[in-house]
Each structure stands twice: as C-alpha cells, then as structure tokens.
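Keeping their order, the protein sequence lines are chains A and B.
Mapping of the first sequence onto my numbering: residues 1 to 290, in sequence order.
Mapping of the second sequence onto my numbering: residues 1001 to 1242, in sequence order.
Calculated from the structure, these hints are not laboratory results.
Misleading hints may appear alongside valid ones.
As the list claims (entries may be wrong) - Using 30 Å as the maximum straight-line C-alpha spacing, the simulated BS3-like pairs for lysine-lysine come out as follows: (1) B:K1176 <-> B:K1130; (2) B:K1183 <-> A:K187; (3) B:K1176 <-> A:K177.
What the hints assert, rightly or not - Derived, one-sided and incomplete: chain A residues facing chain B with beta-carbon distance under 10 Å: (4) I70; (5) A171; (6) A178.
Backbone N, C-alpha and C fix where the C-beta goes; we use that ideal spot for every residue, glycine too.
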Amino acid sequence: MNVIIQAIVTGLLLGGLYALVGVGMSMIFGVMKLTNLAHGDFMILSSFIIVVFLQHVTNNMFVALILTIIVMLFFGTIVQKFLINRVIDKGADSPLLVMFGLSVIIQNALFLIFGPNAQIINTELMRTNIVSTQMLSVSALHLVNFLVAVAIIVALTVIMNKSSLGRAIRASSSNIKAAELMGINTKRMYIYAMGLTIIVTCVAGLLVGSTFMYFNFTGTQYLIIAFGVVVIGGMGSLMGTLIGGMILGLSQLLGATFFGTPYQTLSGFLVLLIILSIRPQGLFSKAIRK
Amino acid sequence: MSNKYIMQVEKLNIHHGDLQAIHDVSMNFERGAVISIIGANGAGKSTLLNALVGLHKPTSGKITFCDENITGMLTSKITSKGLSMTPEGSGIFEDMTIMENLLLGSYLPEAKKVRNEQLKLVFELFPVLKEKEKQLATFLSGGQRQMLAIARAIMAKPKMIICDEISLGLAPVIIKDIYRILKMINETGVTLVIVEQEVKRSLKYSDYAYVLVKGRVVMEGPSQELPETEVSNAYFGIDKYN
C-alpha cells in the first residue's frame, strides 16, 4: 500500500514536470500548427547553456537561468524569423523537415562542443527531502518541479487568454487573413509565440537538467514525452497539457510499481494508446473541425 | 486633403502564378460615397480586394489611399492608415468570444484610443452582439456573423470599409437589415466599398458602381445612371462583354 501511495505522489509530481516539457510543444502546435521536432533539443540545449553559465559566470541558479533565457530567445527568434517563417506557409512538410534538420544539428553541435559525457545541473534541492516518513518520502526537487510547472502553465494560460498579446497570437492561429486585416502582423506573432515557448522551455531545461542526467542526444527522449503529454491533453490546449502530463507521469510510475522499472516507459505509452483509441483528439482538445 | 478621392487604383495588374486575374483595372473611390463592385464568381473581385488591403501583391499598377502610395505595403500597415475590410465569409475568429473579436478589431494603438466610444457605437448599431458578448463566435447565425464582421471593422474607426460578399447566403430580410446599418455607418462619413453578386441591390444601395468581368472593368458610372439590364448582361457574360 505504501508503495502505491508513493508511486501516485511521485507520479503526479513527475507529471507536472512532464507537462512543463510538453507545454511549449503544445503552444507551438496550437499557434502555428507546427510539430516542433526539435522541441526536446531546444530544452536540452538550454540545460547545457545553464551549466556553462553556472561554471563560468555565476553561482546563482536564477541568474544563470535568466542569462540562458536571453541567449535562447536570441536563438529562437533567429530560428523563427529566418527558418520557420520562411517555410510555414508552404505546406506541412517543409517546416517539419526544417525542425528535424535543426534537431540533428543541435544534437551534433552539442556532441562536438561538450562531448558524449552525461551532465547534470547540481542543486541543493536534489539532496533534500521535504517529507520523509516511513510511509512517504517526497524530494524537495520533485515538489519544486511540480509547483513551478503548475505556476508557469497557469501564467501562460492567463497570458494567452487575457492579454492583448495573447489575443493577437490566438487570432493569428484562428484566421490568418482576418488577423492581418485587424492590423496584426501574424509572422511577428509567431515570433512572440516562439519567445514565450522558449522561456518556458528554458525553465523546463533547468528543472529536467537538475532532476535527471542528460546527454547531447537526450532531447529526442523528451520529445517523445512531450508528444505523449500533448497527445493525451489535446494539441494546443494548455491546461490539457497539465492533466496530460500528470496522467503520463502517474501511469509510468504505477506501471513501474506493478510490473517493474523496465515497464515504466511502456506503461506510460500504453495508457496513451488507450486514451487515443477512446478520444483521438485528446482529452481537452476542442472537437476536430473541418 | 484636397483630393476628392479617398482611394485611387491605377492600371492594376494581378497574377495568380502565370494566370492573370486582373487586367489594367483603374478605379477612383470618392470620399464618403458608397461604391459597389459587381461581378460574378471568378470575375476577380476577391483578388482585387485582397490587393487593395495588401494581402495579394499586384504585378504592376499603383494603389493610393488618402494621398499615400500603399502599393505592396504590409496589410497591418495599411489597416493602421484607416482601411478596414470584412473578408468573404465574414472571417470572424470562431473560437473566440464576440467581445474578443471586437477587441481584436481595435488591436492597433491608434484604434485602442477610440476603443470605448467605438464599442458603444457598435452595441448601438448591433444590440444583438451586446446580448451575446460572452459567447463564442462559432455559435452565431450567418447574419450575425456578418454583423460581427462589420462591427469588428468599425472598431478601428476606419475611413473606409471594404465589404466582401456581404450578403452571400443570407435571408433577404437580414440582408435588408445589414444594408440599413451600412447606410447608417456611411452617414457618419465612412466610405464604403461593397462587393456584390446581386445587380439590383448593388445599384440600389450605391452611389457609383463598377462592373467587373473576367478581371476587367467593362462598365462604370453613377449607379442610378447604369441601366440594370445592361449590367446584368455584362454580369452574365452576354454578347459584347465576352
């Protein structure tokens, strides 16, 4: 019984982190109907950059994160402006291929610069338990991951639903022609959406990088997790992503508890398949139109 | 502001790839007037309108709006100069509320300044939108969609509004209602360009009309002076206009 409670708690907390990994991908898909195959690599790239800043510039985790966000915003703007925006209105294949190419480039660039060694962002939190009884132990890091994830997803939802910028971004995704007629520069909105995504992805990079070890090619692994989260929650639905992440985390940990650790990933994706067969559009997506 | 024309189109040519959709079209829209552009499906009306608001780049020719050359300018830039358009099929933001649609109409900084007074005007003209302001636009009827599109266009307090196929698929009584409101908007000094397939209605409600056949202006003149049968013949591609 204790084991199950432990699995549920850890699974939900882990799910929050998964949701944070997936939310950026959901956002990009929701706004520009683009499946960002380099999403995981963006995140791992930011994990690497955080470590560089921590080693050479500052000891402060928060400062390192801010610096990384600045660098990544620069990177994301260039990618959006000079790669994605050039091909986004030329059908679905071209942007997909561009992002796949970018994924390969990032993975290999990381390999060239940092080598094949495993990395981890060192934090005090990792070694602290916030609850530690015989029944249950909760690591402070997992709890922080979860709380930050929820806070960021809520903030992102508020920005998208209540602010003028969010409205303009949503308008660009709803009807490009009409949005242009309102005076909205839709391609610039794509850049802003990418910017928001990058900020969220950098935070995810920090949390993931301090929770698990990562390599230059770990991005793909998180891309698959992001896929799972987004597909369960419904493409483009931000709050759905949070629920999707928790379902995925929960099913992974329960699977691992009942069938053993090797089955952790499998059980997560089995649940994904079951949900897909019942509700192909995802749990929280609006019904498929057209 | 000496120019009596708010918009002038000179020898406009537009291509879709290799296909020429608009041939040497010249038009002059008088300030404060209601101008009607009549043409059948495929006459090039939508292509022309899209070029006027910068959604489609013309191959050659010149478009002037308020004495400023706007040829090839970005749509968002043109909109900020006071030109609004209600796109064909209303083009409302389906998955957003009525209120959000209206707020997007005053997205630009210039428009934000007049947001409250325009919102008041919009709800006076279209009380039905006020009742439904929190509903998603996707639940509106066809007529209400067009109303929302017009309302959204006037949120920016434009100098000129282009209405693309505004009566398409609507019941006559609703069309009449919409035209009544358009007339009220026109009386506040807004120039209207109305694009229609219906000859009689176009001539009745406009001051000046252009007939577009296969991408060319084949007939133009003050609406009252244009003979309806002639216009209809041109429209249906009978004899000399083909």
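task = Enumerate the violated hints, using their earlier numbering and listing them in ascending order.
result = 2, 4
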